[in-house]
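Participant: Listed here are the chains, written in short residue letters.
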Amino acid sequence: MLSKRIIPCLDVKDGRTVKGVNFVDLRDAGDPVELAAQYAQQGADELVFLDITATHERRKTMTEMVKSVARQLNIPFTIGGGITEIADAEALLNAGADKISINSAAVRNPKLIEDLAKTFGVQFVVLAVDTKHVNGKNMVHLNGGRLITELETENWIKQAEDLGAGEILLTSMDHDGTKAGFDCGLLSKVNQMINIPIIASGGAGSMEHFTEVFQKANVDAALAASVFHYGEILIPDLKQELKRNHIPVRI
Amino acid sequence: MVGIINYGAGNIFSLTAALDRLNVTYGMVNTENDLEKYSHIIIPGVGHAGAAMEKLKGTGLVEAIKKLTKPVLGICVGMQLITEHSEEGDASLLNVVPVKTKKFDKSLNIKIPHMGWNAVNPKNNSLFEGVEDNTQFYFVHSYFIEYNPTFDIASADYGLKFSAAVQKDNFYGVQFHPEKSGKAGELVLKNFSNLSL
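Chains as they are written, first to last, in UniProt numbering: chain P, 1 to 251; chain D, 1 to 197.
The following block holds chain D by itself, in its conformation from the complex (with noise of 0.2 angstroms):
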């Protein structure tokens, strides 16, 4: 059963729905003894890092996530935060996968935020079990996390290569949506749930 981190960083309704047509169940974790009802974990997030940063340090979870040793997934928002800082409101993250979160450069001629499908390019990892090469997934951000080949577990390229997914130990994230990502996202979610370290 999947617990969702209920900080109010953006709307849940998608990726719940998406959990849904899947069949998988799931619940909202408020407080740190909700994370231990579940046996994996969701970071969403939609918005500004630095200010879902604030959030997710005003729900008192911050320790208690970067101690989990069960499978975590962060998506977009929810990725950049176990990051280590982000350009964005020059915040300190969780720092859990040692990489940054920069900004799009619009001096490399492209078009900011970076909004649309775009093709990514996975790794041999559980995330992406089944999931080809150059698929594509719906991504919306002005801000990426660098390209590191030792946490890089899918990259994609819009200017310059970026992590489009990256995975440290128990922790993984994604920027792109799956829960809009068509069937290929619906793939990778239910990858997450059936995950198993």
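So here's chain P without its partners, still in its complex pose (with noise of 0.2 angstroms):
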């Protein structure tokens, strides 16, 4: 049976970690490859990186970390944030990343979500989508929920997964920073629509959580960022509990 993954996400800036992180023997906090590799060691299943660097240096900056973590990591791994042209995405696969995310590029140009797919696999693209309720309905938005979009989320989830998006990481923008639980009636709903994987994100506060977001909306993975990065959850403490409570996780 294939089980249900746990993925902490990491902010990156110019080739470090950003925010806090508090892990007791970790040497250098900033060190994404050493932060990695705790990760994979405590049993994450998976690992994503969001890009917030700013500068014309990036795509080179980006490429050396995602070279150092590759080189080191045995679990796989996405990068997202500023991908906007193939030349991104190539960089980035050459460099050992498994999984590309795209956000306000694809929403932009939707055709980017074609190309990508047609040249690399759609195993290789997921589509990040930041959803806000308003007036009744889920819109998405970019930057980080500051600006609305025209599009509404369920569409703009169904017409992604029609032009080849491999996977949809979907981040309520209403639960995200609450630690009041994900948003399990949306995520329900997108789950029954498509017929791709779909990360849970946005919410996570607790491993009562993780549990319900597994058992409601039947996804198939959950990110967090901070309650993993402050120690509040432990991933091991994460998986014993969802087992305990028939879901299937990788111990």
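No lab work stands behind these hints, which were simulated from the structure alone. Among the clues, some could well be false.
Stretch-level coverage of chain D by chain P, calculated; a stretch enters the list once three of its residues show a Cβ under 8 angstroms from a Cβ in chain P [as the list claims (entries may be wrong)]:
{"hint": "1", "stretch": "29–38"}
{"hint": "2", "stretch": "42–52"}
{"hint": "3", "stretch": "129–140"}
{"hint": "4", "stretch": "145–154"}
{"hint": "5", "stretch": "180–187"}
Calculated cross-link-like contacts (lysine-lysine; reagent style DSSO-like; alpha-carbon spacing at most 30 angstroms) [what the hints assert, rightly or not]:
{"hint": "6", "chain 1": "P", "residue 1": "K216", "chain 2": "D", "residue 2": "K161"}
{"hint": "7", "chain 1": "P", "residue 1": "K67", "chain 2": "D", "residue 2": "K66"}
{"hint": "8", "chain 1": "P", "residue 1": "K179", "chain 2": "P", "residue 2": "K137"}
{"hint": "9", "chain 1": "P", "residue 1": "K60", "chain 2": "P", "residue 2": "K132"}
{"hint": "10", "chain 1": "D", "residue 1": "K106", "chain 2": "P", "residue 2": "K118"}
{"hint": "11", "chain 1": "D", "residue 1": "K102", "chain 2": "P", "residue 2": "K158"}
{"hint": "12", "chain 1": "P", "residue 1": "K243", "chain 2": "D", "residue 2": "K123"}
{"hint": "13", "chain 1": "P", "residue 1": "K60", "chain 2": "D", "residue 2": "K55"}
{"hint": "14", "chain 1": "D", "residue 1": "K103", "chain 2": "P", "residue 2": "K118"}
{"hint": "15", "chain 1": "D", "residue 1": "K106", "chain 2": "P", "residue 2": "K67"}
Idealized CB from N, CA, C, for every residue including glycine.
Need the complex rebuilt from these two chains, each delivered in its own frame; the hints are there to steer you.
Facilitator: Given below as structure tokens:
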């Protein structure tokens, strides 16, 4: 049986991880390689690196970081942030990234999904969607939830699947940062519409929230950042808790 | 020393990184003469099986690979290449292992691609020495190799039972990515590099 995946997400700027991470035995909390290895050791099934670098040097910096991570890491990882063209994706693939995630570039140019899927295969293309509830509708947002688009979330995800997205990373901006649980209603609805894996994101605060999102929305994976970085939830404990609740996991 | 068939089908950085971590030495196979240099051969592969087969033909190595008597390991699409045929691009393949590569059927109520960690049940085979039953490996694929008890050396379930690994004589194939499957995957790579026929 296919396991449900637990995915820590790391923010990266100029090749360094940002946001406080307080693992006790880390020598350098800003070193993405060391942090990634630590998560793999703990039993993370996959990692997502979100690049927030905004300089012209970004592709080069990112490629170097991806290579360093790929040299050490023995689990799959996804790179997101700033990928706008085939050449960006190709550089990351050749550096050892397993998947890339695209967000605003796909909203601006949906054909990018198709082009990436045709060039590298659907398994390489993750579509990240930031969604917010507005006037009774789920609307796609950009820039971390600050900019609303005209796209309804459900329609956009369906369109992306048709264009060749291999996986959906759905972040509820209403739940993100609240630590009050995932948006199980929307995740369940979207999950029933599509035939590609979906990663739940936004709202994780406790182990029960993970159990809930797998049981209620039957998502394929759940992603979180701060609860893992600050050691509020330890991945081995989380996996045991999920197993106790009869959710298939990799121990 | 492991030779990696260099035919341009997908990135091999992660594979060479895993071999580096295991202290297994390797080099690239670009020509027929290169095949002589190595004791073990890996056929990597990501993407479209039909397209990968065309690229492999382009190297002129097809007949020489089929004649190899040293251990050969196909990974993912590289495994599919050693089968007879793939529904992906209706492609005739190397036909070293006479089984077929088929598309997962979404009417089985499964998502495609099959992506993530799934349990593998190995048979008693040197490639899986030290790997326990139900150990999980990382898979990413939309096409699978039909289960055939004659050639199957490890099976997995996703809507139906399929071959996670096959063997015929010196030819081995694994559908999962050993280079991305944690310690268990590294063990399989290590076992392969230690195979002697």
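Participant: Hint by hint, note whether the structure agrees.
Facilitator: Hints and how they fare:
1. By the rule of at least three residues with a Cβ nearer than 8 angstroms to a Cβ of chain P, the coverage given for the stretch 29–38 of chain D is violated, with 0 such residues.
2. Restraint check on the stretch 42–52 of chain D versus chain P: 3 residues with Cβ-Cβ distances below 8 angstroms, three needed, restraint holds.
3. Counting residues of the stretch 129–140 of chain D whose CB falls under 8 angstroms from any CB of chain P gives 3; the rule of at least 3 is met.
4. A count of 0 residues in the stretch 145–154 of chain D with a Cβ less than 8 angstroms from any Cβ of chain P is obtained; the coverage claim is therefore unmet, three being the minimum.
5. Counting residues of the stretch 180–187 of chain D whose CB lies closer than 8 angstroms to any CB of chain P gives 6, which reaches the minimum of 3, so the coverage claim holds.
6. Restraint check for K216/P and K161/D: satisfied, since their Cα atoms lie roughly 27 angstroms apart, inside the 30 angstroms limit.
7. Distance check on the hinted pair: K67/P and K66/D sit about 33 angstroms apart at the alpha-carbon level, beyond 30 angstroms; violated.
8. With a C-alpha separation of about 22 angstroms, the suggested pairing of K179/P with K137/P holds against the 30 angstroms cut-off.
9. For the hint linking K60/P to K132/P, the alpha-carbon distance of about 33 angstroms lies beyond 30 angstroms, and the restraint is violated.
10. Distance restraint check for K106/D and K118/P: the Cα-Cα separation of roughly 21 angstroms lies within the 30 angstroms cut-off, and the hinted pair is therefore satisfied.
11. Only pairs whose Cα atoms come within 30 angstroms are accepted, and K102/D paired with K158/P is accepted, the gap being roughly 26 angstroms.
12. At roughly 26 angstroms between alpha-carbon atoms, K243/P and K123/D fall within 30 angstroms of each other, so this suggested pair holds.
13. Among the hinted pairs, K60/P with K55/D is consistent with the structure: their alpha-carbon atoms are about 29 angstroms apart, no more than 30 angstroms.
14. Distance check on the hinted pair: K103/D and K118/P sit about 17 angstroms apart at the alpha-carbon level, within 30 angstroms; holds.
15. A C-alpha spacing of about 35 angstroms is found between K106/D and K67/P, which places the hinted pair above 30 angstroms, so the restraint is violated.
In terms of the numbered hints stated before, the structure departs from hints 1, 4, 7, 9 and 15, listed from lowest to highest.
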